[in-house]
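Number of protein chains: 6
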Amino acid sequence: MIEGQSKELSRETHDALKRISTATLTTQLFKRGFRNQFIQGVRRVNQNGPRLVGAAFTLRYIPAREDLDHVGVFQDPEHPQRKSIETVPPGQVLVMDCRGDSAAASAGDILVTRLMVRGAAGLVSDGGLRDFDQIAGMDFPVFCAGPSAPLNLARHHAVDANRPIACGGVAVYPGDVMVGDGDGVVVLPRCLADEVAADGLEQEQLEEFVIEEIRAGKPVHGTYPPNEETMTRYAAWRRKRGTTDGAA
Amino acid sequence: MIEGQSKELSRETHDALKRISTATLTTQLFKRGFRNQFIQGVRRVNQNGPRLVGAAFTLRYIPAREDLDHVGVFQDPEHPQRKSIETVPPGQVLVMDCRGDSAAASAGDILVTRLMVRGAAGLVSDGGLRDFDQIAGMDFPVFCAGPSAPLNLARHHAVDANRPIACGGVAVYPGDVMVGDGDGVVVLPRCLADEVAADGLEQEQLEEFVIEEIRAGKPVHGTYPPNEETMTRYAAWRRKRGTTDGAA
Amino acid sequence: MIEGQSKELSRETHDALKRISTATLTTQLFKRGFRNQFIQGVRRVNQNGPRLVGAAFTLRYIPAREDLDHVGVFQDPEHPQRKSIETVPPGQVLVMDCRGDSAAASAGDILVTRLMVRGAAGLVSDGGLRDFDQIAGMDFPVFCAGPSAPLNLARHHAVDANRPIACGGVAVYPGDVMVGDGDGVVVLPRCLADEVAADGLEQEQLEEFVIEEIRAGKPVHGTYPPNEETMTRYAAWRRKRGTTDGAA
Amino acid sequence: MIEGQSKELSRETHDALKRISTATLTTQLFKRGFRNQFIQGVRRVNQNGPRLVGAAFTLRYIPAREDLDHVGVFQDPEHPQRKSIETVPPGQVLVMDCRGDSAAASAGDILVTRLMVRGAAGLVSDGGLRDFDQIAGMDFPVFCAGPSAPLNLARHHAVDANRPIACGGVAVYPGDVMVGDGDGVVVLPRCLADEVAADGLEQEQLEEFVIEEIRAGKPVHGTYPPNEETMTRYAAWRRKRGTTDGAA
Amino acid sequence: MIEGQSKELSRETHDALKRISTATLTTQLFKRGFRNQFIQGVRRVNQNGPRLVGAAFTLRYIPAREDLDHVGVFQDPEHPQRKSIETVPPGQVLVMDCRGDSAAASAGDILVTRLMVRGAAGLVSDGGLRDFDQIAGMDFPVFCAGPSAPLNLARHHAVDANRPIACGGVAVYPGDVMVGDGDGVVVLPRCLADEVAADGLEQEQLEEFVIEEIRAGKPVHGTYPPNEETMTRYAAWRRKRGTTDGAA
Amino acid sequence: MIEGQSKELSRETHDALKRISTATLTTQLFKRGFRNQFIQGVRRVNQNGPRLVGAAFTLRYIPAREDLDHVGVFQDPEHPQRKSIETVPPGQVLVMDCRGDSAAASAGDILVTRLMVRGAAGLVSDGGLRDFDQIAGMDFPVFCAGPSAPLNLARHHAVDANRPIACGGVAVYPGDVMVGDGDGVVVLPRCLADEVAADGLEQEQLEEFVIEEIRAGKPVHGTYPPNEETMTRYAAWRRKRGTTDGAA
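These protein sequence lines map, in sequence, to chains A, B, C, D, E and F. Using the numbering used here, read the first sequence as starting at 71 and increasing by one per residue. Using the numbering used here, read the second sequence as starting at 71 and increasing by one per residue. Using the numbering used here, read the third sequence as starting at 71 and increasing by one per residue. Using the numbering used here, read the fourth sequence as starting at 71 and increasing by one per residue. Using the numbering used here, read the fifth sequence as starting at 71 and increasing by one per residue. Using the numbering used here, read the sixth sequence as starting at 71 and increasing by one per residue.
Heads up, some of the hints might be wrong.
Stated by the list, open to error - Just a sample of chain B residues kept apart from chain A, beta carbon distances all over 12 Å, derived:
no. : residue
1   : 82
2   : 95
3   : 157
Stated by the list, open to error - Just some of the chain A residues that point at chain C, by a computed CB distance under 8 Å:
no. : residue
4   : 80
5   : 84
6   : 93
7   : 96
8   : 97
9   : 108
10  : 138
11  : 253
12  : 287
Hints in this document: simulated from the structure, not taken from any laboratory. We put the beta carbon where it would ideally sit given N, CA and C, even for glycine.
Based on the provided sequences and hints, a complete structural model is requested.
In structure tokens form, the structure reads like this:
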């Protein structure tokens with residue numbers, strides 16, 4: 071485990087990650103030897119919602135057991151699911167390990183609304199969500215395996231929070247940085263977030279130029295990846311747009 | 071089996087179910103010990119279509135066999151698929167058991183149109199549907215595993231109607247009540263439909279209040295589930311809205 | 071294998087296929103003994119994009135190997151993925167065999183843009199695609215297993231082009247005709263394309279009439295399939311619409 | 071459906087099928103256009119047990135429901151599972167449709183023992199079996215998806231007998247002929263059983279000769295399938311062994 | 071969670087469980103409302119090994135990450151996998167949560183040998199095991215998903231011990247009682263172990279009598295479940311065998 | 071692709087690989103950054119057969135098509151499946167890419183016998199095999215997904231030989247070294263075979279010593295991996311057994 075890794079993202083890294091696609095981030099991770107940081111089987115719920123960026127606050131479910139998982143458990147303020155909703159710090163992302171089982175919900179619109187009101191940065195679950203249409207309409211980034219009406223207690227028992235978990239086949243350590251867009255969610259190991267954000271921003275700018283070139287009829291070879299000549303034109307393009315403004 | 075269970079829904083139960091989410095219904099069923107009434111692997115085809123409510127009229131498919139399943143079979147007015155389209159009573163839902171196999175269609179736009187014209191309440195299939203875009207545009211509630219062009223005869227042999235079936239991993243007995251929304255489809259055992267509708271309507275109203283509270287900044291604990299104080303305010307809220315108007 | 075089958079589609083067949091649904095085509099294929107020509111697990115990316123019609127130009131991936139599949143490989147103009155993007159002839163469809171594995175992308179918006187600029191007819195992949203939102207916004211027919219951010223090198227090694235492949239469980243021979251719509255993609259064996267197009271166009275017209283009849287209240291039996299009386303009225307309907315001009 | 075197809079196998083066909091491998095039978099079926107008669111996901115339980123041959127007597131399960139499927143149901147002599155055990159005629163094979171779900175048992179050693187005592191020809195289930203070691207030790211041909219301890223009521227509700235079913239992805243009509251060996255179970259459509267048995271016996275003899283030839287160093291081409299010269303030697307080989315003794 | 075549940079089994083319960091099949095135990099659990107206590111996807115490795123009985127000592131894996139999971143980690147005596155091998159108390163069963171992923175091993179013959187030498191009661195993993203043949207030859211009860219050569223670090227990161235886990239789709243709380251035989255492994259909630267053992271022993275004796283009756287030609291109805299007459303004969307049979315000494 | 075990599079294994083490497091487990095080989099590969107060289111979903115057919123070692127000769131199947139894949143194709147001596155059986159060089163392993171589809175056979179006992187007679191080193195297929203019992207009885211190493219009776223033509227079309235393929239999720243290049251034992255099959259990239267064999271042999275000897283230590287009561291920590299003290303005793307143990315002669 072990775073005890074006590076910082077959960078604070080610098081403003082610079084946070085803002086950069088808001089502008090970098092998950093595609094670019096997986097390329098940056100691949101270059102550093104990471105091949106398995108993309109959460110499988112999970113999709114964006116809010117088709118036009120904001121991008122997801124924030125440190126992971128984790129919640130782990132195991133399979134439900136009939137005697138332990140009855141509706142009475144929600145009376146307990148210490149119930150791990152309910153407590154995690156109330157304790158995830160503003161700016162962080164609640165990440166749920168449902169063992170990829172979407173036969174029941176991992177949350178519904180009431181809990182997601184509370185998360186949003188509390189200032190969380192978003193929700194990622196490899197299980198299902200109920201009240202899917204309502205959640206899809208919120209201005210809040212949510213990713214899950216799909217709609218699923220059944221009460222979480224029918225399949226899931228919330229067991230502990232802020233421990234390392236599996237989500238969609240990826241290890242998620244508390245404090246890792248979750249970034250999500252239309253392709254899905256990538257998990258940035260906390261120790262790499264700053265450098266990946268910096269290099270990713272460079273890559274985004276370059277690819278913005280590259281796609282302009284491709285639209286204008288340039289062939290793939292020499293353009294993507296760029297050869298020296300393309301890089302020279304890219305340098306000119308960057309100068310022309312001015313210097314500090316990044317990829318936006 | 072459950073021979074001869076009534077297929078008539080009272081107007082009151084029907085109207086209540088039109089206003090209750092499948093999420094709420096699975097909670098009501100869970101409280102009564104039913105954990106497996108939500109059809110898995112099936113989604114709404116008509117994104118903005120009406121909600122589905124109606125008694126189940128079932129059709130069962132088994133795998134096709136090359137000598138028995140040729141296009142000539144549709145000449146026969148007794149062919150179970152074609153006959154079921156013509157005999158499902160108005161207000162009922164045709165529910166198809168395709169063994170969860172969506173490699174071929176279970177119906178297409180012509181048959182679905184006929185169902186709609188005849189006054190059926192909707193269609194649920196755990197197989198595929200062809201002419202998906204056309205069906206998605208109808209004002210008729212349809213749920214299936216996804217689009218699939220191949221002719222049903224390529225995989226499915228319609229064998230009998232109005233027998234108990236499996237659909238998406240759930241037992242469906244003729245006369246059970248099918249309710250569908252954006253989360254999917256729940257199967258209400260016929261014997262429970264009235265009480266689940268009544269209690270579900272109560273739950274819907276309470277949750278409408280709860281979500282207002284949560285939006286206004288109340289914490290989950292004490293609000294959901296509600297403690298005594300919240301219930302007192304809920305009683306006031308209900309009085310204020312007047313009495314008979316329910317959850318709508 | 072089918073060496074050297076013509077890849078040229080006649081204008082007539084091409085235009086006919088633009089007007090025939092994949093549902094109709096699978097029926098025509100079924101009548102000829104073909105039960106497995108519909109690509110499974112693949113869906114349309116561009117919800118409102120044009121229909122897909124074109125001859126197949128194939129690309130085959132095998133699993134990646136850590137020492138062979140590093141970012142440096144894209145410097146090589148002979149890299150099979152990059153080369154196939156540059157060599158698929160105008161009017162043809164690039165079809166990728168990713169072994170149905172969508173854990174990584176098979177391409178992204180830069181390569182898809184290049185394909186479009188070069189005049190390819192579309193893209194079909196049984197793997198994932200990255201930059202999904204961007205691709206979904208293009209006026210270019212693309213079908214794949216779903217969004218997936220990771221770089222193709224994380225899972226896929228492009229090995230050869232224009233060899234027979236598997237795509238979504240279907241054999242695709244270079245030159246076979248790919249047709250796609252909202253239901254998905256059907257593979258027409260090249261040798262059948264002309265006759266299937268001709269008969270399919272007939273079927274489309276008949277079904278256009280049939281659905282009008284069904285909307286007007288006719289029962290399935292006698293209408294679909296049509297009996298003699300229905301065929302008589304269909305003949306009149308065709309005469310009334312005028313000429314021989316087909317289904318449009 | 072195929073109402074009233076004879077369930078009586080002639081002695082000749084029965085004896086032939088006892089000597090023909092399922093591999094040979096699938097080849098004979100393939101030649102006649104049948105590609106999907108081999109039950110998928112099912113294996114032999116009795117490693118050294120006798121081969122399975124007999125007409126199908128079918129039992130269908132749907133998913134269990136908590137209120138209907140309690141241990142009390144077995145008091146009812148009409149319970150379909152218990153009744154089918156008592157009514158499958160001697161010489162027939164009980165074939166169970168468990169929707170391929172082996173998360174619970176479809177039977178255990180007591181019921182299998184009763185089947186054996188009553189003279190049934192065997193058992194095929196696409197679900198699990200409990201008391202697997204005990205059943206594996208019986209001199210009785212049994213095929214299933216694997217061992218599974220849970221009571222059938224935990225997942226399965228027996229609903230009707232002697233109706234057409236799906237088993238391991240294959241249509242099984244009552245009276246179809248089930249044949250099983252170390253490769254698994256093939257379903258012979260009843261109408262083809264006699265001719266497939268006759269031709270299969272020929273094929274078995276030829277392949278016995280072929281494998282001798284291959285062991286002696288002959289190449290595949292010319293031997294398998296045999297060319298004229300090989301057939302001449304085969305004719306001699308058959309004459310030498312005498313005529314009536316078949317493949318044994 | 072269930073903090074501090076006793077892990078000590080009484081000698082009586084332990085001995086009873088050694089004589090009760092997992093089939094019988096799942097029936098006892100079903101009667102008490104537990105439908106999901108059988109570990110799915112796991113099988114016995116030692117075909118003729120002893121039965122498994124013991125309290126659960128759990129180990130949890132999450133997916134591996136390339137920077138954290140290198141061979142150097144095994145130098146650390148606190149590495150959770152290695153430490154759990156050294157700390158599972160004699161008589162207890164090491165139960166591993168591998169998320170059902172058998173693409174890599176969860177242990178090999180060296181660690182299993184150490185477990186055996188230390189007096190553990192057995193091993194259950196829903197992942198793979200390497201050195202499968204060697205483990206299969208030990209006189210030690212082991213259950214897993216199957217053979218798998220790759221080093222655990224290729225897929226699995228051991229994260230913590232003696233926390234509630236999922237194993238084969240079942241919740242396992244430290245101290246729950248694991249029982250395994252040829253059908254697989256059942257998880258007895260600790261609080262039920264004594265009563266389930268007592269009632270299970272009764273059931274085993276009755277079923278021993280029942281199977282004798284069935285072998286002797288009795289029909290299922292009246293025998294299984296037994297009617298009053300059968301129970302009278304059972305009482306006599308028990309008296310005749312002598313004392314109260316159970317099923318052995 | 072890796073054109074023209076040598077297929078000749080030195081005698082030393084071949085003999086070493088005969089004595090090294092697949093578990094050890096995956097560890098050696100993992101240390102070199104290879105995480106995905108173990109063929110998934112494939113098992114040993116011959117429970118007591120010899121170990122598999124040999125260079126890969128590949129055969130690729132795509133899905134069958136009804137018009138192309140009829141029994142007549144086997145008359146053609148150039149049919150890729152039949153030809154590969156006749157051309158795989160002695161000492162090499164035929165490796166078949168069946169897309170992991172075991173619904174039909176990829177070969178049967180006649181072809182496997184021919185392979186053996188011709189001196190091939192073994193067979194690996196990620197599809198099924200028919201005549202499973204006969205093949206299991208041969209003194210010839212065979213690995214596949216399981217028994218499957220249907221003729222290969224029902225699902226598979228042999229398309230080309232000695233091209234890079236996927237087998238069980240792993241890239242196999244012609245000339246790569248296949249090694250198989252009770253855990254399954256590992257694919258050694260040809261360029262690594264010699265060094266992996268040398269280092270693997272060292273590891274085998276060390277683990278032989280380690281397991282003796284563990285059996286004698288040593289703890290895991292300090293023994294596995296060995297600390298300095300253990301290495302000293304290991305050096306003595308090696309000296310005592312004599313020479314440099316390896317692990318046997």
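Verification of the supplied hints:
With a cut of 12 Å on Cβ distances, residue 82 (chain B) stays outside the contact zone with chain A, its closest approach being about 23 Å. Against the 12 Å criterion, residue 95 (chain B) falls within the reach of chain A, whose nearest CB is about 7 Å from its own CB. Interface exclusion of residue 157 (chain B) from chain A stands, the closest Cβ pair being 30 Å apart, more than 12 Å. Among the interface hints, the one on residue 80 (chain A) is violated; its C-beta lies about 23 Å from the nearest C-beta in chain C, farther than the 8 Å criterion.
For the restraint placing residue 84 (chain A) at the interface with chain C, the shortest Cβ-Cβ distance is roughly 19 Å, beyond the 8 Å limit, so the hint is violated. Interface restraint check for residue 93 (chain A): the shortest CB-CB distance to chain C comes to about 4 Å, inside 8 Å, so the restraint holds. For residue 96 (chain A), the interface hint holds, since its Cβ comes within 8 Å of a Cβ in chain C; the closest pair sits about 4 Å apart. Using the Cβ-Cβ criterion of 8 Å, the hint placing residue 97 (chain A) at the interface with chain C is satisfied: the shortest such distance is roughly 5 Å.
Hint status for residue 108 (chain A) relative to chain C: holds, with the closest Cβ pair at about 5 Å, below 8 Å. Checking residue 138 (chain A) against chain C by beta carbon gives a least distance of about 34 Å; that is not within 8 Å, so the hint is violated. For residue 253 (chain A), the shortest C-beta to C-beta distance to chain C is roughly 4 Å, which falls under 8 Å, so the interface hint holds. Checking residue 287 (chain A) against chain C: minimum C-beta separation of about 6 Å stays under 8 Å; hint holds.
Violation of the numbered hints given earlier is confined to hints 2, 4, 5, 10; the remaining hints are satisfied by the structure.
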